[in-house]
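Peer 1: Could you slot chains R, S and L onto chain B? The hints should help.
Number of protein chains: 4
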Amino acid sequence: MIIVMKPDVNKQQINNVISLVENHGLKTHLSCGDQVTIIGVVGDKSKLSKCNIELLGGVEKIVPVTESYKLANKKFHTTSSTVKVRDVVIGGDQFTIMAGPCAIESEKQIIETAHAIKKSGATMLRGGAYKPRTSPYSFQGLEEEGLKYMATAREETGLPIVCEVISLQSVETAYKYVDMFQIGARNMQNFYLLKEIGKTKTPVLLKRGLSATIDEWLNAAEYIMSEGNENVVLCERGIRTFETATRNTLDISAIPIIKQKSHLPVIVDPCHATGKRAYVNPLSKASIAVGADGLMIEVHPNPSVALSDGPQSLPPDEFDKLCNELRPFSKLVGKNL
Amino acid sequence: MIIVMKPDVNKQQINNVISLVENHGLKTHLSCGDQVTIIGVVGDKSKLSKCNIELLGGVEKIVPVTESYKLANKKFHTTSSTVKVRDVVIGGDQFTIMAGPCAIESEKQIIETAHAIKKSGATMLRGGAYKPRTSPYSFQGLEEEGLKYMATAREETGLPIVCEVISLQSVETAYKYVDMFQIGARNMQNFYLLKEIGKTKTPVLLKRGLSATIDEWLNAAEYIMSEGNENVVLCERGIRTFETATRNTLDISAIPIIKQKSHLPVIVDPCHATGKRAYVNPLSKASIAVGADGLMIEVHPNPSVALSDGPQSLPPDEFDKLCNELRPFSKLVGKNL
Amino acid sequence: MIIVMKPDVNKQQINNVISLVENHGLKTHLSCGDQVTIIGVVGDKSKLSKCNIELLGGVEKIVPVTESYKLANKKFHTTSSTVKVRDVVIGGDQFTIMAGPCAIESEKQIIETAHAIKKSGATMLRGGAYKPRTSPYSFQGLEEEGLKYMATAREETGLPIVCEVISLQSVETAYKYVDMFQIGARNMQNFYLLKEIGKTKTPVLLKRGLSATIDEWLNAAEYIMSEGNENVVLCERGIRTFETATRNTLDISAIPIIKQKSHLPVIVDPCHATGKRAYVNPLSKASIAVGADGLMIEVHPNPSVALSDGPQSLPPDEFDKLCNELRPFSKLVGKNL
Amino acid sequence: MIIVMKPDVNKQQINNVISLVENHGLKTHLSCGDQVTIIGVVGDKSKLSKCNIELLGGVEKIVPVTESYKLANKKFHTTSSTVKVRDVVIGGDQFTIMAGPCAIESEKQIIETAHAIKKSGATMLRGGAYKPRTSPYSFQGLEEEGLKYMATAREETGLPIVCEVISLQSVETAYKYVDMFQIGARNMQNFYLLKEIGKTKTPVLLKRGLSATIDEWLNAAEYIMSEGNENVVLCERGIRTFETATRNTLDISAIPIIKQKSHLPVIVDPCHATGKRAYVNPLSKASIAVGADGLMIEVHPNPSVALSDGPQSLPPDEFDKLCNELRPFSKLVGKNL
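Protein sequences, first through last, are from chains B, R, S and L. All letters in the first sequence, in the order written, are residues 47 to 383 by this note's numbering. All letters in the second sequence, in the order written, are residues 47 to 383 by this note's numbering. All letters in the third sequence, in the order written, are residues 47 to 383 by this note's numbering. All letters in the fourth sequence, in the order written, are residues 47 to 383 by this note's numbering.
None of these hints come from the bench; they were simulated from the model. It is possible that some hints are incorrect.
Note that identical chains are pooled: a pair holds if it fits in a single copy or bridges any two copies.
Each computed BS3-like pair below joins lysine-lysine, with the alpha-carbon atoms no more than 30 Å apart [to be verified]: (1) K120 - K107; (2) K164 - K377; (3) K107 - K73; (4) K165 - K154; (5) K164 - K194; (6) K245 - K222; (7) K154 - K377; (8) K96 - K194.
The structure presented is a predicted model; accordingly, all values stated were derived computationally and were not measured.
Extracted from the complex, chain B is given alone in its bound form (with noise of 0.2 Å):
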């Protein structure tokens, strides 16, 4: 941690700071130059927690150094970590396609999808029980109804089954039939049900936030860790920015990022990025190439009649031929897909 000082600082306010930092155990460094005077702080910077230092006399402002992440950060877990969700296993060399509709509609549907994405290459089932909707009248889900109909779905194929979250009690619901928990962006800061699933040891798959910086949704995972479940798996859904020419825009840069301060497995939604079909095929071969561990991908029996993002799914012989597609990339970027 930095401590710059204003221009105008005096002695006293130096030593004032030096003397709380050194009273709370840490080391100091005093650089005087002409235009400007910092110090230094050595050692926990937690023991200052309680010190708002940016308020003593004399100081401009705090420049952090160090992440404030541990369990999720490369630095201190060099080697990369795979999540185990039954046989499946995301990460390592292995490139994992997670499919099904964005929102489960009947039996029918999801057993239908089911046996169409193994048929194709995925190797884990998705569906959405719990939808949050912007619109208060727009279709909420069949929550515990479709949870069991993707539980028979994952019976009747063996694929896992992942399933977004979206409150403690859809938690204590969704960890009787779920294999994998989905966090969804607009709540990857919902910190509350980050420690509740942190409680449990089902892998999470956690989306970036909307608004969500690297370093936030980084420590969005050390709650869900710093809790006891290390079992966490990312996922780039696009950001907000101001284009409009797609939903969201997805950051691909991020999965380098990731790969370089984080060891957790990290996979791209191409889907809810750009909200339109036609660009999923370009981007999943984007992803694919950058390095991610996966994908996630909206498939519908028939999106036409899809009761929540419909324009943004993939009818099954669309993704067939894109899980096709995908083989030769997987093989150039040395994965098993």
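Peer 2: Using the frame of chain B, we list chains R, S and L on its own:
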């Protein structure tokens, strides 16, 4: 709703779209231009919610022309609403100042602050018992113990109290103590939570999400109102942009826009918007001048030892000066402060 | 300047960095913590401009601690500046209103507008002769003919005139007519143009770029000032964000920030910021309350037939009403209007 | 074009709008719903460019349904274009790599680099002679001297050269030397400059502005094309968002969107997009996979002493490795590299 067709659309495709719409009981108007063909749709578009018209052959895009929120919409409720929190009226010709610490730290701290802010002119006491923090290693709040201190402060001063809730559990606990629930920016689209507090009659202060459009914000209010609780006050607290000189960018234009689009009262939180104490005074003046119905200001008896957000908190003497400087502005805009 | 080293840095790498810095005549301070090693650099960092220290072995990142602008910086020029345009003073205890049409359309239009705005209280006339438009098929301005009309309007009313320049050629032409050059948002980082007008003594109104940080904006002012022209007035006109309810988002916080970081006067353009006439009045009041030194307002004798930006222009009677409503605010903040 | 009327519109107001539109020779279609009345407008809307319909009584807003660019629009030019720079074809089944230093520093530097990149597989040489820099105190480029070095490098290697121009003066000088003009991000809306290069026949590389929408970018291309120069290649180089982990956010979705909306070739500049060398390799692979027509890569013989943007430049050996790794991807997507 307008359906814009692709340039190469054929007659059959146009007829398909028209049939689908009319079969659901709505009317259409067809306009064929040299460059573009559009189909205007008249009637209750919620009847089409299960049709993904965007996916029909020949359709380029859908352009909505009406807002999806109704209860929060000024078009259907043309006079401005007021919200009553005990004896305090928010909206109308009142200018309401809510003040208090970011986090409740002790009984002494909150009672001392309550007396100070009341003396200066605040009519509501704020204080955080549940603190959503980016890092799991930061102070997370005193929870129910903090709420008890708030209730004691209310008894001593008569000031109604407003506290953030972050989960169903915290709603159940806070319900017994607080006069107004606060929904923080990170939970603005925690729809589950919105619905829960919508089932109560307790007034709600709904902060705007970091990356929420005004339209999404009003839809979040609609979630609460559609469950029966119409006592919603909006709070602009800054949005996330590329600018890093302030913690967030206060979207001051949101105030006149809300006044035009909705009948709900709207206040401003200049402390969270900027993250720096020095800007609170000028931005408070701008807020009253632009037409806001009130302010939420962080006040701490000793900001340099605050456990949360000290750098943006005012000490009591600065808060007193601020209130005194705001009074002539309130007269100018015809509001009581 | 702070050099943050990687966690696995070795002694040799640290010594390399220190040698490089000290060989350029600067001093270093080394701080070795458990988690991080940092090297503080004291002295004139421009001496290091040819060394890419970030690329040396063991270096993680560079953290600058001082601003790169000097002439525009309040640290080195602690009293607020005023800029004189003919007899009009901008800054200090003056509140200056510049008004006029977005685009100059005819001699009659501009003279009529000039008389009207003068009567209402404006002290400068604005008008665009060179119009940067998103589409090449939109009206591009009357060029020199328009400047002549502006000069005639000045003769008739005595109001100094401000006009946008967009190229060296337009500077050479406008130089003969105008009292103040305007640099539009799209040209804020047209450094070649900034340098050219820096070689004149004509006052400059420098609008903020759509996506320029405050730091970049002050560096753009520095470009002009470093060529010898210190008569720079800044103009906040909205930044680009995700919000689409307004054309841009007025960054009202920029005013107190500029007042803290720079000695230059700063005004607000609420018309371009919002793109909608209805918001000009409340945002003008917010601007005066927050501490701006003036306003730029679009006024057109008949907005419904304006060739450019009619929807955001005020007709003369609304402008007159606005000026009357602003006067008590100017008294309150101690400025002459 | 759709004209949406206010809820309380009256018949007279509707008739006024219809008369105005029809008097300009366009047709209208009226749709009256319970909640909203809309008027569809069919015909050449440029005839209405002088009418500010938004300001007529009863009008709520105008919704455009067609793009304002024509020459760059795929709707009117349905096959993909290629652009020829000397013998190099950009677009079609070619994948073109342009490489070279950010800034030209010496004859030796540029010739050495040219030989190296040619050997690795680049077919065009880039180099900056005019450098737009945020601070006036940074290195600004060798100007004409640099262009001469570039021309020498072309003679020695046969590689066509691309250089940024920033003003009419630089266009006039560069015209004699370069094979392709580059318009940088900061000048994407310097319409005066766009028109000037539109009058030449020299191919143009048009970088996307930091905060330009795809629509604005294509309108900027339209400026060049409408003057007669249709040899435009687009270059995505990152947009400005809230994320600070990279210098900008590479908008990879822009590639498939451009391919859908325009017939112009589009390449990617991963160096400026991220600002960090480590991300250039993965983002280059993502670019080829997503369908880009080429790359612009910064290569410097010795990045640690580069005068500009060293941290994002590759040394020749890393560039060679990159080209080798890209080749199998180019085969996969059916492009020649």
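Peer 1: Which hint numbers doesn't this structure obey?
Peer 2: 7
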